[in-house]
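Trainee: Line by line, the protein sequences are chains A and B.
Note that our numbering has the first sequence beginning at 38, numbered continuously upward.
Note that our numbering has the second sequence beginning at 377, numbered continuously upward.
Honestly, the hints are just simulated from the structure, not real lab data.
Since we're looking at a predicted model, the values are computed, not measured.
Glycine is no exception: its CB is placed at the ideal position from the N, C-alpha and C atoms.
Any given hint could turn out to be false.
[As the list claims (entries may be wrong)] Taking CB as the label site, the calculated pair distances span:
{"no.": "1", "chain 1": "A", "residue 1": "S87", "chain 2": "B", "residue 2": "V407", "range": "28 to 36 Å"}
{"no.": "2", "chain 1": "B", "residue 1": "S410", "chain 2": "A", "residue 2": "D143", "range": "20 to 28 Å"}
{"no.": "3", "chain 1": "B", "residue 1": "G589", "chain 2": "A", "residue 2": "C64", "range": "51 to 59 Å"}
{"no.": "4", "chain 1": "A", "residue 1": "R297", "chain 2": "B", "residue 2": "S410", "range": "48 to 56 Å"}
{"no.": "5", "chain 1": "A", "residue 1": "P72", "chain 2": "B", "residue 2": "G608", "range": "34 to 42 Å"}
{"no.": "6", "chain 1": "A", "residue 1": "E249", "chain 2": "B", "residue 2": "R490", "range": "46 to 54 Å"}
{"no.": "7", "chain 1": "B", "residue 1": "F482", "chain 2": "A", "residue 2": "E248", "range": "20 to 28 Å"}
{"no.": "8", "chain 1": "B", "residue 1": "R490", "chain 2": "A", "residue 2": "P72", "range": "52 to 60 Å"}
{"no.": "9", "chain 1": "A", "residue 1": "A168", "chain 2": "B", "residue 2": "G608", "range": "23 to 31 Å"}
{"no.": "10", "chain 1": "B", "residue 1": "F627", "chain 2": "A", "residue 2": "R152", "range": "27 to 35 Å"}
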Amino acid sequence: MNVFRFELKRAWVGALIWSLVLTGLLCGLITGALPAFMESRVAVENMLKSLPPAFAAAFGMQMDNLFSFGGFYAFGFLFYSLFGAIMASGIGLDLFSREKREKCMDFLLTKPRGRSRLFAEKLLASLTMIAASNVLFIAASLALYRAYAPQPLMLERALVAASSLLWMELLFFAVGTCIAVFAKRVRSVSGLSTAIGIGGFLLSALQSMLEEEKLNFINPFKYFDAAKAFFDGAFELKYALTGAVITIALMAAAYVRYTRADIPSL
Amino acid sequence: MNLFRKEIKFGLKSFLLWTLGLFMFVFAGIVKSSAAMADGQFMTELINKFPRIVVAVMGMANADISKFAGFYAVLMQYILVLTAVFAAHLGSRAVSRESVDKTYEFLFTKPRSRSFILARKLLASLVFLTAFACLNLVFSLLAVKQLGLEGDYTALYVRFSFALWFVGLVFFSLAAMFAAIFRVAEQGARAGNLAVMITYAAAVVYDLLEKPGVLRLFTPFRFFLNTEMIDGTVSVFFLLFCVALSAVSLFVTFRRFERRDLGAV
Chain A
38 MNVFRFELKR
48 AWVGALIWSL
58 VLTGLLCGLI
68 TGALPAFMES
78 RVAVENMLKS
88 LPPAFAAAFG
98 MQMDNLFSFG
108 GFYAFGFLFY
118 SLFGAIMASG
128 IGLDLFSREK
138 REKCMDFLLT
148 KPRGRSRLFA
158 EKLLASLTMI
168 AASNVLFIAA
178 SLALYRAYAP
188 QPLMLERALV
198 AASSLLWMEL
208 LFFAVGTCIA
218 VFAKRVRSVS
228 GLSTAIGIGG
238 FLLSALQSML
248 EEEKLNFINP
258 FKYFDAAKAF
268 FDGAFELKYA
278 LTGAVITIAL
288 MAAAYVRYTR
298 ADIPSL
Chain B
377 MNLFRKEIKF
387 GLKSFLLWTL
397 GLFMFVFAGI
407 VKSSAAMADG
417 QFMTELINKF
427 PRIVVAVMGM
437 ANADISKFAG
447 FYAVLMQYIL
457 VLTAVFAAHL
467 GSRAVSRESV
477 DKTYEFLFTK
487 PRSRSFILAR
497 KLLASLVFLT
507 AFACLNLVFS
517 LLAVKQLGLE
527 GDYTALYVRF
537 SFALWFVGLV
547 FFSLAAMFAA
557 IFRVAEQGAR
567 AGNLAVMITY
577 AAAVVYDLLE
587 KPGVLRLFTP
597 FRFFLNTEMI
607 DGTVSVFFLL
617 FCVALSAVSL
627 FVTFRRFERR
637 DLGAV
């Protein structure tokens, strides 16, 4: 387990900082803005009364969802997703391109350990960090839910919604890993992971601007939709499945490549 | 010129990728604007009912999206973030690529001073930044033509494209400076990216506060305010501030780069 220990030691500080930023953002948004947000419901409802009834009815349907803990929680999710995506793809890129970046592939691969073993240990180290980060995030989500949501509580729904960050992060972790393994060289982990995160953000913004249902299939932030989970208790199957398939396919591709690739001499 | 040409050739691929993002975003945004403006009156009123923090986080503060100009301003806020990340990437790459690729011994033993080489690299990157801002203008014009909007908004696009360039320049220079200061290239790149994120957070806080005061000095994202851009009353002070900030950063970059220990990562 040397590789596992080594990777963890190298990367845990960064992961910890990201986790704290993420959880801090969540706590800040909910404690700072949720009460004011709920109060604004009266003003919005008054305004709707002055509108044509058909219009108000169409919008009013969503009022209960919008002005609830779940609605506000999901609203912030775009930002948690962005940060989570940068963190997770960064972990994948960092760990799996480390030897490539430092040009010491031969050092690691001449050790008496199979490549699948090395891959597995790196994978385990990454998953440990992602899981630990999400334990923090989910615990904070549930605590806030208990503190701010009205009775009756539906903890399992909150749990599913909060877990959507984990699934999304795994997807981005797979993207980062795949790039790290396939790219000829990785120049800057933070630069590339920021670009991946912003890329996801753009795809998501694209979908919400065009409001084209089909575009959800290329919107990685919506494969595991927190709002959907909160109001229906489960993710939408077709998108969740798309996300899961992509994640597994990317990881499998990365594994095959990592265990078979030729290592260029320096 | 060899160096300059090589740098352009090298950066072309990533530039095209970033441009693709810009293209998608501008077109999708502008095509959508007609629908957004249709219920814009309602949306604006609705947004005003929400607490300030929600509006600020959505990036909709100080913009009237029932008008095309206001909608475009909101769109440009996203493009501004995109440009900032791209510019930071350009800046840190210009300074530290040879170290990362371990080709620094090859290049810096050539009979040219470090400053000479760095200047060509930075110049090539600036060409990309300029092209990016210009393409924003072109895409905006083309997209709006599709829309068949009445009224001429060319001046608005030009102003925003200039704003993109100047804000990009600030982040470009900052990232270059960080890359020159930090010994480890990854740390420099990280500092450049962090600068974008922290100043963006500062911009959200700026929108949040009733009287932000001096906070504006700390976030390039608010050097050019939406209202100013729409009215055409760009603050000369902040324009000069952009230039000054970049000049100082680039000066530090050259000084540090001239004297630093060049090494592999």
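Trainee: Work down the list of hints and note, for each, if the structure agrees.
Mentor: How the hints compare with the structure:
Taking 28 to 36 Å as the suggested C-beta distance range, the pair S87 (chain A) and V407 (chain B) conforms, at roughly 30 Å. Evaluation of the 20 to 28 Å hint for S410 (chain B) and D143 (chain A) yields a failure: the beta carbon distance comes to about 59 Å. Restraint check, G589 (chain B) to C64 (chain A): a C-beta distance of roughly 27 Å breaks the suggested window 51 to 59 Å. Range check, R297 (chain A) to S410 (chain B): about 52 Å between beta-carbon atoms, so the 48 to 56 Å window is met.
Roughly 40 Å separates the CB atoms of P72 (chain A) and G608 (chain B), a value that falls within the hinted 34 to 42 Å. Distance hint check: the CB atoms of E249 (chain A) and R490 (chain B) are about 51 Å apart, consistent with the given range 46 to 54 Å. Hint check: F482 (chain B) to E248 (chain A), Cβ distance near 52 Å, so the stated range 20 to 28 Å is violated. Distance hint check for R490 (chain B) and P72 (chain A): the Cβ-Cβ separation is about 57 Å, which falls inside the suggested range of 52 to 60 Å.
The hint said 23 to 31 Å for the Cβ distance between A168 (chain A) and G608 (chain B), and at roughly 52 Å that hint is violated. In this structure the hint that F627 (chain B) and R152 (chain A) lie 27 to 35 Å apart at CB is violated, the actual value being about 48 Å.
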